[in-house]
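**Student:** As a plain string of letters, each chain reads:
Number of protein chains: 2
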Amino acid sequence: MVRKPAKSNVKATSTRKPNMREAILAAAEELFSTYGFNAVSVRDIAQAAGANPGSVTYHFKTKDGLLLEIYRRHCGPMNRRRSELLAAARRVRDLQDRLEAIVRAYVLPAFSSGSDLAGGGTRFTRLRAIMSAEGNEVVRKIIAQTFDDTSHAFIDAIHDSLPHIPRTDLVWRGHFLLGALYYTLVTPERVSRLSRGSADGTDAGHAIEELVRATVAALQAPPLDPAMPAPRKAPGAVPGRALT
Amino acid sequence: MVRKPAKSNVKATSTRKPNMREAILAAAEELFSTYGFNAVSVRDIAQAAGANPGSVTYHFKTKDGLLLEIYRRHCGPMNRRRSELLAAARRVRDLQDRLEAIVRAYVLPAFSSGSDLAGGGTRFTRLRAIMSAEGNEVVRKIIAQTFDDTSHAFIDAIHDSLPHIPRTDLVWRGHFLLGALYYTLVTPERVSRLSRGSADGTDAGHAIEELVRATVAALQAPPLDPAMPAPRKAPGAVPGRALT
DNA sequence: TGAATATTTGGACGATAGTACAAATATGGT
DNA sequence: ACCATATTTGTACTATCGTCCAAATATTCA
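Protein chains in written order, with the working numbering: chain A, 1 to 244; chain B, 245 to 488.
It is worth saying that the hints were derived from the structure and are not from the lab.
Where hints are given, some of them may not hold.
[As the list claims (entries may be wrong)] Partner residues are not named here, just some residues of chain B that face chain A (Cβ under 7 angstroms, in silico): (1) Arg417; (2) Phe420; (3) Gly423; (4) Tyr426; (5) Tyr427; (6) Ala465.
All C-beta atoms in this analysis are idealised placements derived from N, C-alpha and C, irrespective of residue type, glycine included.
Working from the sequences, and respecting the hints, build out all of it.
**Tutor:** The following block contains the structure:
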């Protein structure tokens, strides 16, 4: 890591940390989601958490283990919240409203996760964005295990609301949604203001509304003409896995 | 860098490289765009290019200088091609067709750049995607210099075709387009097939069509109700700079 | 050809990486 | 208070990082 102008304000709120393990996790989450996995050293994390480098090894064995634990912490609650919101969304009568609710059910937990303090969900989603770009190996595994079911559920729900549009197109558009979501959180000039809204982020709310509006419209677009240059060879050009 | 199963096929086509500088650039481009800047060492690049680590220093002084040179190589031709296509798109009579042409003018050069061989544009765009995620400092500067004008030109063109939609919304939707584009190129399971289409990539063509279709629909979506929770504090929540 | 220049080579430098480990210290139950 | 266990500390190890440099080699042009 090269940047970091000041002494980093990630440190403990009090002089003594009651639970160093949590402090390390929090510091690692913040640093990884800002600079990426490769650019942050174990020593950086330890210093930000006010801990000794050896402590990190003690609690998480390796740097990969630390990243893995961060994912374990967030994936469960986030997917649970998504399932709840999705179930509620499916009960919406009006088709247009239902589609919007479904998209919102996917997007909202990415911005504000479960019981975390302000910016918790945003931070983790930013982390996921950076990790997907860096092509992290550890993450690829946990993603495949954790997000596959949820993703399929969302595509299914969208397909139910838009039966006339081929699944193929919906998978692509869901893919685009995730890309837009990631990029929005990764772009600093927006994110900086995003996380500093009033309390839980008014500006983040605006970003969500823009994203939902654009996505709903994209999903409803007429499907691609199937009699085009067409998938000449690979029928699996659009894989089953999406929104991960 | 940790991965790389085989001996890497980036090397020279012949046994002796007529221009080692170019070989180093090509190898660096490939490795950076695959693993990110931080995960690739100068020695990795040298080995992939069949060169000596010292040669890299000789030609580009520093690792940052190497990255900078890659950007210098691509930004010019890419933006020139975009300007050409945009100028042509603005002359399209039908409004719907024009909007689609404008979006295509933005997306196409990102997939196949100027005179490069197959996958050249794709590779560079993938590099840009990873760099934006890693928040690379060197890149931020060159981006601000190079892409600002082009981006504004595109937003302007879109705004001319959709005068009833506030610029604010269009900036957001352009932002989402770039995010979707980046993520599409960064996601490996898609990209792998993407670059191996027939000749210039039939599957890449399909991805482009899906992206254009979705984006046009998103751009045309009705604007957000301006009487919402509203931008309570920051009027600059949506900065002027977008599509970068 | 020979001199001037451009490039490549191999090795070295200090800095920092991830991880390991023994000693020191804190903690909790009895 | 005592002991067993959990945690923290300081340090050390090896590996690799970006960069530098003098010598060796290739290239170019008068």
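**Student:** Run the structure past the numbered hints and jot down the numbers of the failing ones, going up.
**Tutor:** The structure conflicts with no hint, since it agrees with every one listed earlier.
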